[in-house]
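Chemist: In case you want the letters, here they are:
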Amino acid sequence: MLRRRLNRLLGGDERRVDSRTIYVGHRSCSATEAFIPPKFCDNRIVSSKYTVWNFLPKNLFEQFRRIANFYFLIIFLVQVIVDTPTSPVTSGLPLFFVITVTAIKQGYEDWLRHKADNEVNKYLVTVLEDGGRIQKESEKIKVGDVVEVEEDETFPCDLILLQSSRDDDTCFVTTASLDGESNHKTHYTVPDTEKDLESLNATIECEQPQPDLYKFVGRMHIYKNDQEPTVRSLGPENLLLKGATLKNTQKICGVAVYTGMETKMALNYQGKSQKRSAVEKSINAFLLVYLCILVSKALVCTTLKYVWQSKPGQDEPWYNEKTQREKETNLYLKMFTDFLSFMVLFNFIIPVSMYVTVEMQKFLGSFFITWDKDFFDPEIKEGALVNTSDLNEELGQVEYVFTDKTGTLTQNNMEFIECCIDGFQYKYRDASSELDGFCVTDGPVSKLQQKAGREKEELFLRALCLCHTVQVKESAEQGQGQRDGLIDEVDGLGVDGEVVHPLQEQRGFIASSPDEVALVKGAMRYGFTFLGLESKTMKILNRNNDVEMYELLHVLNFDPVRRRMSVIVRSKSGDTLLFCKGADSSIFPRVRREEVERIRMHVERNATEGYRTLCVAYKILSAEEYAQADAGLREARLALQDREEKLMTVYNQVETGMSLIGATAVEDRLQEEAAETMEALQGAGMKVWVLTGDKMETAKSTCYACRLFQRNTELLELTVRTLEDGGRRREERLHDLLLEYHKKAVQDAPPVKAGVTRSWSSAGQDYGFIIDGATLSMVLNSSSESNSNRYKNLFLQICQNCTSVLCCRMAPLQKAQIVKMVKNSKGSPITLSIGDGANDVSMILEAHVGIGIKGKEGRQAVRNSDYAIPKLKHLKKLLLAHGHLYYVRIAHLVQYFFYKNLCFILPQFLYQFFCGYSQQPLYDAAYLTMYNICFTSMPILAYSLLEQHICMEVLLDNATLYREIAKNAMLRWGPFLYWTLLGVFHGLLFFFGVRFLFSNPALQDNGQVFGNWSYGTIVFTVLVFTVTLKLALDTRHWTWINHFVIWGSLAFYVFFSFFWGGIIWPFLRQQRLYFVFANMLSSVSAWLVIILLILLSLLPEILLVVFRKPRGPHARQIAAVTPLSYKHLKERE
Amino acid sequence: MVKEELANRPDNTAFTQQRLPAWQPMLSAGIVIPGFVIIGLAFIGIGVALFVTSQSIQLLELDYTGVEQTSPCFKCSDPNAKNCMCELTFSTDTLFKGPVFFYYGLSNYFQNYRSYGVSKDDDQLSGNLDNFKSPSDTCAPYEYDRNNKPFVPCGAVANSLFNDTFKLYQIVNGAKKVVPLDGKGISWWTDYNIKYRNPAVTPLKNAFNGTVKPLYWSKPAYELDPSDPANNGFINQDFLVWMRRAALPDFRKLYRRITDGDYAEGLPAGNYSLQIAYNYPVLSFEGRKKVVFSNVSWMGGKNEFLGIAYLVIGSLCVVMSVVMLIVYAKFKFPEEE
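Chains B and E, in that order, give the protein sequences.
Our numbering numbers the first residue of the first sequence as 1 and each following residue consecutively.
Our numbering numbers the first residue of the second sequence as 1134 and each following residue consecutively.
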């Protein structure tokens, strides 16, 4: 039977029916069976990538898997093997440098991971073994060990709770670091286990490890003195998860069932894979193009060389005989080595330095995020943190934002705002107004300044005090004293609420939901204080300072389908009362019609303001009614089969015919500027999805509060509730709903105008989509493969047409699934995840960019994120200002780099046509090497660090500017083609300009002639000046650094050329450039041609800039990047 | 506490906050149009100056390859002809203003061939005696002769030294009057004085013991100029000119200047005869040889490209500024109101 149930629960997956059997304390269950300890993995967490032994080979292998590194390696090897025009040092040295630096960096990072792993793995835990307690390192825990955990410790592995120090065999656990729910959850020991764990003889049979945090199925066989073993079923309420923390319980004992990488926490972690930015993909694409250019250049040259040589007299003129070796070499081999030589000659078109510069830009650029004082939060005294600098530019490309709710959008800090009793609104204004703490604000006009009857008020407050599962915090020793003192004070001071409140507020409450605490605290402000639950008796301190006692008869627990909870209590006077609170939609049908209207208005208004509203109802149970309910409840509780369903039926029977007393409004305080941030993100064209593990109602109200859903947003709901409404099979219902929503949101939606991105303020109907975890898994794992794909597509299309999407009740891995699905959808949009808890880790890792919020508890998210910021509000600046600027900077950097190397190498290529395809370099080796390293690298680096084509304030004020660079706008093929053509144009100009000048090489006024190195030097001078000035032309933000670096590199070039040509260098074989530069400068013609070519190269650019000035109504927004419009933006300020 | 806060708080400097004071240039029409006009006018000015200068330069080119049968050097173009002399006559109608520069030119000759270019030993040429005995292997295949004796100077460049010689006569009343040719200062000053050095051995001949002259040379390096001992070895001016490799396959190199005596002011109108010792074979690779007489200006030899380019670009700039003015008058000004 268990098998069957297992099967059903696991969705019929036949492969995973295998269960594992665990011997508690490694004690054999029966004497007859030989005890064979089963093999399970150990409790070691491994997140590191390398060991000392495999570091070198593995790291080198991984580095050379990068297309660029491999390319440079090949070039280097060719230079070593073949006689090439340039020495192997020119490419070997930079490559070695890059590889070494990267290896050191990665080695260091892995060492940090090793350290972190060790910290977890070497943590000492107490294990009960052979009658004693043994301190063991965490990594040595084996499945079956009985582990003891004390308060505030985290569980070292997944445990089945066997024994708790609490009397009621429960323990409290917070899973904040797992799923983000910071409330305390109650877990239960396995019933009927013996107090003495030493003599416990039991086996546990449970399912194989699986990542769902909320699912666990197993059973425990307890053997007692050769009797037939007792069987107890185990559920998630018995399982303590690794990573969760024990609270309010002195110590517990549990048996390890899943260890190490098989724990649910570890299964929910995905390996931190190397994230690569879209820009890097663009670079690789461009790289391939340039590789093709390179190969074709080499091919053209090789072919032409042999065509040219086939003419008589050209192959081997008398003045240039071949060496013996050349003569002997096979023709095809010669052709091949010629091809390789050309490759080497032109290989500078793809420079190592680009990678170095890009890395440097990213590394140094990320400091500006760390340094930004706007990201500094005085509360936690920290600023932003950058874990990966590889993704800076991705921050400017985000299309989808996935945000966690609790702790990210909200502070997870509930506050009682107001209530409505019998149609009258009560707003709490700091206890200063009236004696009883009540004041009436805007009730219905006619009833202004009226209040509901005192009786109703008190009934309502009693309901708040009784209808909950809150427990009063049992503080530790000194807390105990304090609390006693407190109560004394309360008793003593009594009547005056003003004094009592601040003291009472310190009272700690524990509840499974923070709302309940807020309500109890709210009631306390109005004079009704919940004192605690002692042996089924609830004590309330009422307004008159009398203690009222109620016997708690039943708690009808909250569940997401019913969406309400009730308690049945018996007052001192003997009345049996049922108090019920729940969502309006679940309460209204169960109360009398006429009462609803009075309250509905308040509830709806509160809901749209983003408050979490609950309605409170009650009914007096007659003796018979109670007896019937009591019997029903007891019977259902004991049911072994379909217990849930049976309970539900009884609940529904009991909770009818109630009368509505009032409603409450609780605010989950939003993070500072949450709404503004969300608005800005949407204005910037990003779609915001809220992924939360929380309940739907809560999440929905948060969405309203953040203005993600607006008043006129039509909500499309796809949740367990809507699926069950139809009363048909879920699958069918899902199918229908998906089609219906698809029709609504996708097919009937007005076609989006080309070019205009849908904005949140556009006139069309806005849709919001809500889905929950259970439904999502139905969508994703539909029974048939074809359906699954179809549903997935429908779902995605609906989501993409909605302004906001809310996914609630998500398991951590489901969050990641959603992110992954969007990430891999058409157009592969760039996704960003932001969250604060460990439950967000998987989605943070999955998204292109993961942002961690430095929340108050848990650093899991921060550690796994790419960027961490103290508050949600910082996201706006991070994306709109930093992201935008980084993207523009790096895009320009990449394009410029390709451009400058194209016009660097093109003249060298053209020169081959004039030197008999002999691989004669046009430039001196020093120039070839230094061009990318010294002469032209610093200005672009400075540009890519400092450029602000639009200043930050404007970027922040106009979120729409973000759309201008959306979809990798500056690195598409269009701009790339433009830059490439520019490079070709410049290259042609440089070469042929000088070529025509050299039609008469007598360029000096003393009639002397210039040689080939002078030719190259003139071209090179024009080149260096042109590419530098081209950058100067593009620079919109000239700080002193830009000035220094741009003019500095030009000056350095001139200085270097003098220096390089001014000395006979003893280590050089050939003094090619001796005084070439100086002689060049003594020629007026050379000066004139240099000036001419530089100006001619830049003039079209200037013209283009002037004529590109956009016109029309959108000009001012679109023009963001062109210089002329910059003026407009400045003017608008 | 305060300290801790200070430690964590990012520095509030203009640099870290990306708020460095910055100059933000704007290319507006107001700057670009006048800029274009100024540049255009300046370029036209320079262009006119260049063009006029270039036009004023006199140039006389004489091909003496001897391909055509009518050419006086036809007989010498036969590769078997040894020590062949031929004579070219020409006349000038006006004074060829001095100083006149005498170039020789070769075409389809690839001095920029890579293997050719590297085939020399700069250490040897700077007078290092060790490299006399064992030249650098870059000199191959002109490193050692058959008897394994090193070539000095080694390498293809030196080996292929241009060895035609010229004598220029003015024909005055039927008699030949020698026009003195000045062979000094035709190479770069730094080449002659620093880069190329003879070994410090006197007489120079001794340094060359145990070496052989390059294959195609008729005289050893130390006997290149019997008239001037300072013009021998590696610092022979003709040798230096040759060693500076030409950039393109059609090139000219300075041979002599005419600066002395009666011809300091230039070559007067009249008839001239050029006597050529035709040694250098070019026909095997379809090359051409020529002599060029030219005077030079501040911009060097005659070169029309620069002047025309400046004129074209200058006028383009002016035209563009006019176009821009029209465009702006039509589209921009109403918008700005």
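Among the hints, a few may not be true.
To be verified - Per the computed footprint, the stretches of chain E lying under chain B, defined by three or more beta-carbons under 8 Å from a beta-carbon of chain B, are: (1) 1351-1358; (2) 1442-1451.
To be verified - Result set (EDC-like, lysine to aspartate or glutamate): computed pairs, CA atoms no more than 20 Å apart in a straight line: (3) E/K1346 / B/E321; (4) E/K1230 / B/D1005; (5) B/K327 / E/D1270; (6) B/K311 / E/D1383; (7) B/K322 / E/D1270; (8) B/K381 / E/D1393; (9) B/K311 / E/E1419.
Just so you know, these hints were derived from the structure itself, not from any lab.
Predicted, not measured: the structure shown is a model, and the values here were computed from it.
Where is the CB? At the ideal position from N, CA and C, for every residue including glycine.
Chemist: The structure should be examined with respect to each hint, and the outcome stated for every one.
Modeler: Hints versus structure:
1. 1351-1358: violated (count 0)
2. 1442-1451: holds (count 5)
3. E/K1346 / B/E321: This hinted pair holds, its Cα atoms lying about 17 Å apart.
4. E/K1230 / B/D1005: Answer holds: E/K1230 to B/D1005 is near 15 Å, not above 20 Å.
5. B/K327 / E/D1270: holds (17 Å)
6. B/K311 / E/D1383: holds (18 Å)
7. B/K322 / E/D1270: With Cα atoms ~13 Å apart, B/K322 and E/D1270 stay inside 20 Å; holds.
8. B/K381 / E/D1393: violated (87 Å)
9. B/K311 / E/E1419: holds (10 Å)
In summary, the structure is inconsistent with hints 1, 8 from the numbered list given earlier, while agreeing with the others.
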